[in-house]
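**Q** Those sequence lines, one after another, are chains Y and L.
Going by this note's numbering, the first residue of the first sequence is number 1, and it counts up by one from there.
Going by this note's numbering, the first residue of the second sequence is number 1, and it counts up by one from there.
By construction, these hints were calculated from the structure, which means they are not laboratory data.
One or more hints might be untrue.
Incomplete in silico selection of chain L near chain Y, CB under 10 Å [unchecked claim]:
| id | residue |
| --- | --- |
| 1 | 21 |
| 2 | 22 |
| 3 | 209 |
A virtual CB, placed ideally from N, CA and C, is assigned to each residue, including glycine.
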Amino acid sequence: MTLVAFVLSVLLGTASLAYGFSQAGMTDPARWFVLLGIVWILAHWRKLYWVSSLAFAIMILGAAYGVWNNLATIWMLLGALGGLLGWDLSDFARRLSYAAPTDDIRGMERRHLARAGIVAALGFGLALLSLVIRINRLAFEVAVGLALLAALGLTRLVMRLMKY
Amino acid sequence: MSRSLLLGFLIYGLLLAGIATVRGEFIALALPLAIYLFAGFLFSPTAVNLEATRHLSAERASPGAEVTVTVTILNRGDSLDEVLIEDFLPADLTLRPSIGSGQRFGHTGHLIRLRKDSPFTFSYRVAGPRGGYGFESVRAQVNDYLRVTSRTVEVEAKGQLFIFPPVTRLRHVAIRPRRTRVYAGMIPVRVGGSGTEFFGVREYQPGDSPRAINWRASARHADADMLYANEFQQERAADVGVILDGRLRTNEFSRGHSLFEYSVQAAAALSDALLAQGNRVGLLVYAAFLRWTIPGYGKFQREKILFSLAHARPGGSDVFADLEHLPTRLFPPESQIILVSPLREDDLSPLVQLRARGYQVLIVCPNPVKFELSYLPKNKNVELAARVIRMERAILLQKIQRAGIQVLDWNVAEPFDQVVKRKLSRPPGFLRSMQ
Chain Y
1 MTLVAFVLSV LLGTASLAYG FSQAGMTDPA RWFVLLGIVW ILAHWRKLYW VSSLAFAIMI
61 LGAAYGVWNN LATIWMLLGA LGGLLGWDLS DFARRLSYAA PTDDIRGMER RHLARAGIVA
121 ALGFGLALLS LVIRINRLAF EVAVGLALLA ALGLTRLVMR LMKY
Chain L
1 MSRSLLLGFL IYGLLLAGIA TVRGEFIALA LPLAIYLFAG FLFSPTAVNL EATRHLSAER
61 ASPGAEVTVT VTILNRGDSL DEVLIEDFLP ADLTLRPSIG SGQRFGHTGH LIRLRKDSPF
121 TFSYRVAGPR GGYGFESVRA QVNDYLRVTS RTVEVEAKGQ LFIFPPVTRL RHVAIRPRRT
181 RVYAGMIPVR VGGSGTEFFG VREYQPGDSP RAINWRASAR HADADMLYAN EFQQERAADV
241 GVILDGRLRT NEFSRGHSLF EYSVQAAAAL SDALLAQGNR VGLLVYAAFL RWTIPGYGKF
301 QREKILFSLA HARPGGSDVF ADLEHLPTRL FPPESQIILV SPLREDDLSP LVQLRARGYQ
361 VLIVCPNPVK FELSYLPKNK NVELAARVIR MERAILLQKI QRAGIQVLDW NVAEPFDQVV
421 KRKLSRPPGF LRSMQ
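Pulled out of the complex, with its shape left as it was, chain Y reads as follows (with noise of 0.2 Å):
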């Protein structure tokens, strides 16, 4: 089931970034990334699982890179999500390979890929909803001090992260 998944994450990242940058005349770079779909499923049937961070990097790096140069947003979204699965997904593949056969792997799974999902719908749904709602009568000043807040905060998070 987690695997059957995490191949369903990889293609839709990939194939979503590779039809995201066809779409704007960018062959090489779509090409690029159905490589590193490819590459990301073998190394991870291979057991490398340090591969994924490299390519969920990459993959964000190359959503990025397609906003930048103005490609369509919904299709960097959906290869940043894909990653973010992906990534995920390979990790709890690892964890599921140290489990004993008599362990509910089948309920761990079910449950992962649930609240897996809801996260990743939540995020999909707010970075739409942030794409949709556009507040044009925002001072800079305002701006500028949510943007320092979210920096702060999030600072906070990481912060408190790390000591585990």
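The hints should help you fit chain L onto chain Y, whose structure is shown.
**A** Frame of chain Y; chain L shown alone:
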């Protein structure tokens, strides 16, 4: 790099790109990642409070015997979404495959969900060679369900397993130390008294059992108007010091073969038999260092000796390279010393000195020549070398025997109890009378 750190870098990068270019799309890209990070943090366990207990089906086992280890983990804290439990086996112990379809059986690692105040029990079977093994703790990695946060705790779950050497039952080991103790045992001393072996006839004295009266002798001397009584040979206990030679240079051979396990087996069997005969037995392991088990009697002493033998390892050191530094003061004067050693040429002098000090010495000698020949290829060179070494060894053993030391040359291909029965047991009474 931890997962949260990677996510943090990516989110930061996208946020900065969004601010720098004043484009909301970058922020939109960062949002799923931020939600993921936040969700992981939100559902991370606040406190981990795990307790573990370990139960072993047997704390003492024989080599190769399977022991079932059962570990129970109890969650005293909040519910944990994902706990990766790993129990580490001590070195040399091996996990045995599970037999049957028992739940949670046969694995040391588990990925589980642990609710508050709920236990999780798993079992597995282990087996291993002779030795003492300590189980210390169970490692639990507690993750939130996205593994954004992860903490590893070591939960103490102590346990001990001793794998004792196999103890071959020896029926009787005949030893003749010069000095015995006053307590009753099984070593015949040339003194009349209570016992089982006939010693002589003497005049009947008040207090003697009427059963002891020798009616035939009394009738023969009826004119003297006296009764005669049979006297029996007293049997007493003795002090016995067993020395196990653990020197690398005497025990280790080519291709990783070793005679040490055989020596341990012999030492265990002899100690067991001598203790069963009521003697006071001590054990000295002479290897890289000295391991001394103070002499004692009975079952408790047997356990102590087996415990010491379980931990015995061959080792080499410059100080104990030869038997010159054998601490003879540990053994009472004129007591019985049993040395279990494959022997080397330079061991002759210390052994003769030991004999000269008045000890009764018995050497149980696992035969290294036959042992090596059993796994070496059979060709002319090997045969010739074996012949030379065999002769050298025969000369060495002859010299030792001439010094009054009893030698039991043991071909390890033969069971130890059979060799002892043939060479060390007391012959039955009717045979003794014929000798």
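**Q** Each hint: holds or not?
**A** Hints, one by one, checked against the model:
1. 21: holds, 7 Å
2. 22: Holds - the Cβ of residue 22 of chain L comes within 10 Å of chain Y, reaching about 9 Å at its closest.
3. 209: Not OK, violated: residue 209 of chain L not within 10 Å of chain Y, min 70 Å.
Checked against the numbered hints listed earlier, the structure breaks hint 3 alone; every other hint is satisfied.
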